[in-house]
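2 protein chains.
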Amino acid sequence: MRKELTRLVEIDRELGLLGHIAALLGWDQETYMPAKAVAERSEQVALIETVAHEKSVSPEIGDLLAALGSTTASPTGAPDGETSEGAPLDARERAYLRVLRRDYDMNTKLPTDLVAELARETSLSQASWIEARAENDFPAFAPHMERMVELKKRQAACLAPGGMPYDALLDLFEPGSTESSIAEIFAGLRGELVSLLAKIAAEPQVDDSFLRRPCPADRQAAISEWLTGIMSYDRGRGRLDVVAHPFTTTLGEDDVRITTRYIEDFFVSSLFSTIHEAGHALYELGIAPGREFARTRLHAAVSMAVHESQSRMWENLIGRSERFWKHNYARLSELAGGGGASSPLDGVGLEAFVRAINKVAPSLIRTEADEVTYGLHIILRFELESELISGRLAVKDLPEAWNAKTEELLGLVPPDDARGCLQDVHWSAGLFGYFPSYALGNLYAAQFWSAMKRDMPDRDDRIESGDLASILGWLRSKIHEEGSIYLPGELVRQVTGTSLDPRHFAAYLDEKYSRIYGF
Amino acid sequence: MRKELTRLVEIDRELGLLGHIAALLGWDQETYMPAKAVAERSEQVALIETVAHEKSVSPEIGDLLAALGSTTASPTGAPDGETSEGAPLDARERAYLRVLRRDYDMNTKLPTDLVAELARETSLSQASWIEARAENDFPAFAPHMERMVELKKRQAACLAPGGMPYDALLDLFEPGSTESSIAEIFAGLRGELVSLLAKIAAEPQVDDSFLRRPCPADRQAAISEWLTGIMSYDRGRGRLDVVAHPFTTTLGEDDVRITTRYIEDFFVSSLFSTIHEAGHALYELGIAPGREFARTRLHAAVSMAVHESQSRMWENLIGRSERFWKHNYARLSELAGGGGASSPLDGVGLEAFVRAINKVAPSLIRTEADEVTYGLHIILRFELESELISGRLAVKDLPEAWNAKTEELLGLVPPDDARGCLQDVHWSAGLFGYFPSYALGNLYAAQFWSAMKRDMPDRDDRIESGDLASILGWLRSKIHEEGSIYLPGELVRQVTGTSLDPRHFAAYLDEKYSRIYGF
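Taken in sequence, the protein lines are chains A and B.
For the first sequence, the numbering used here assigns the number 1 to the initial residue and increments by one for each residue that follows.
For the second sequence, the numbering used here assigns the number 1 to the initial residue and increments by one for each residue that follows.
Below are the DSBU-like pairs computed for lysine-lysine, each with C-alpha atoms no more than 30 angstroms apart in a straight line:
1. A:Lys55 / B:Lys55
2. A:Lys478 / A:Lys512
3. A:Lys512 / A:Lys453
4. B:Lys36 / A:Lys478
5. B:Lys55 / A:Lys36
6. A:Lys453 / A:Lys359
7. A:Lys3 / A:Lys109
8. A:Lys109 / B:Lys55
9. A:Lys55 / B:Lys3
10. B:Lys55 / A:Lys3
Covered stretches of chain B (in silico footprint by chain A; criterion: 3 or more residues with CB under 8 angstroms from a CB of chain A, positions within the stretch not fixed):
11. 29-43
12. 236-249
13. 253-262
What the hints contain is simulated information worked out from the structure, not anything from laboratory work.
These numbers were taken from a predicted model, which means no experiment stands behind them.
Beta carbons: idealized from backbone N, C-alpha and C, even for Gly.
Excised from the complex, chain A in its bound form:
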């Protein structure tokens, strides 16, 4: 490896360590931190982000990149490194330069005080959101939200001066995407979902009342333990904790932690949330860009949408499939009962269970939505956050706008903000531009799923026989291991042969729900 590259790797690894330290500060805040510690914690996070930002914009990085032939002028996809004078760079090294260049250009556009302010406000605003949601008190949270919107606008203006602010934020999570490209995809998706929903509404509805039978937290914990086990989530490199709003976070190359929550009268919530988060964790733990790029920025997921494709594939395409439960239902039923006590699944057959966990019905809470209405929840958030960032919508008017759009898209009116615009952590965490990743993730997942079937025609029999290792093996070799070598668009072509094509998802939904609802 050329000496400039070796030095870049060294700097990059320090940045990686700082990122993981910041992740620990965040994880601890959500899991175990005493309540009154939040004020100083926000300062701690801000300091780490400041130190990291200062390191990330060091002119040394720019000089090293230039010495290797990478300049700001190179378009994102250009083969960096070809014009430098030393030994030619291989494909992996060029991919690495591309990632570094992208981040360096982005970071040098952001002033340090903005980075610190964002970090500080994120920590405070999340704490405020937790209280506001518990108290159903949007006005108490609104000043934080306003401040966050202002900060995100400032960030967008720095990243893309003169450009569309929301595009700059989308690009942070899904490189190359824009509001108009996503709006186009979502317009098609909305049509599909609405028409499917109408077909489903015309059929006899599914009974899922037994899913509301009580199941104590310790039994749900046993179920989560078992599920992460059969998914091969390595507890030597991770752990499961209980939080208000489940997430996955990477605190080290060998430290990817997941979280869940136990709702006593809806045990499948933790069941699917655990599968979902473990899907994220398997991706992170499977990244292996080679020894020389370990713990560098190549050692990272391609994009948040690809990340979501992994979690949602495990949660929905596997975890809500009949094949999966044919193998696993007896054990679930046993664990849900625990030590001889009654199980919420007593007297419930496999088929009834699979129908229940796939019941489609408009609902208020995104994280509890079925696969059909889920996309509508995302479209709602996409449209609202675009309006917030563009300034077309004021924060104070958000509850009303949220409720109106919920009625328009889902036919329901939230009875309060806790079940309305306060339900998600994202905006309090400054994650504007993230929501579309969830819907794009569904599209990627379905397309990857088709490619997996092409490569492994007996895949569904394997799932039915309890063989999840083949699935994980395919995901690892096709998607996980590569890390960030490809852009999302390149990866999907590489794995599936075509660019992103929403028809895979539409076909998957049609096939599945026509079977369940019999149309």
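Please arrange chain B on chain A, whose structure you already have, making use of the hints.
Same frame as chain A, now just chain B:
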């Protein structure tokens, strides 16, 4: 406040944040971190220590100190600030300059690579020690221990070139102390303890067999919860977790966490360990050097020995006293039984319990030692670590030297290294020079205890009536609030009227044990 001072406070607070972040990395490693994460964790700790060290030796600090009239030439106790040209500094500001000067002089003597190496090795070596102790495998740990001894020697040589290396390490924990000053105190202490031990041995022995009756972890947890409650340990600013080797750590101004461990057939181990750690936590949480010095280095304990005086006062002078249990024994007995199950204290009266928890008998494990033999455990470690650091003892010969000295001082021979030289975390954590703090802490505690009685003649009646708030109030106003304004020697004079006088401890032991053993 003068502008130079304001800037020093700003820098100091950043260093404080970094220290708290490092503390979180350490706390997480001991409590919840997945096993395989240790390699990268050691890098994370090293990076934070490096960033902190680089900030702590910035020439700007030296310039600011000089502008305020503080120069390296000032002896430690001199009234810094008197020669500067701006507005005169008040006593608190001068005390602050003294602390800053001390640390700055110390830090500028340490090369950054040594700081990083120490941080990295501490993390790795602690992980190795945990395994080695569990496997009773000293040779597996020895290479880490050797490396640590070498690093500590290098550190000592940097701190006090040409001086006694062990003195430099002692000074880190108890400013102003030296090997010879401690050796003198310990010589007197050893005589007292040995003679007291002989008197006790001549009397009928105490029965404490019932303390070995089983008490499940959940009941011990309930006891710990109750005890920290009556001690007014604020769970909004702290928490209690379970670890292999209990400790207290400060992660923020409002975040001081304690830990304990539950040994099923010796429930008083967690009971006293929890009281001990909560005593440390109350000190940390009680420090209040005024708004302008919040989160600065004045916002810190005076020394480790003063810290131990607080933990040991709660554990022994209060927690093993008859007066305390007169008020609390009934509740303990109830909690130890839990939900109507049998309690290890069933049929055991108050007097028998108090005698049992004060039983004196030579034993192998320091943390389980009684108040009389405890000091002998410390003298053993003090002598051995002094020999290790001076090079008179090689690491490979430690087990033999440990066993010989245990026999000499306690009349016992450890059957294995797990119950011998591998029992304590300190050396693996690089804490050479710390052990004497425990014994000094006992001496300070007894002297503070006498002063408290002078100030509050009805103290013992208050304890008997369940009033612990008065005790905490006195400790806060006399010791905690001041933070690091005084040196240890100054504090003890300020609070008690004289310098450290070991006779308070000797008198306390004599009075207590003559009553218990009837001589």
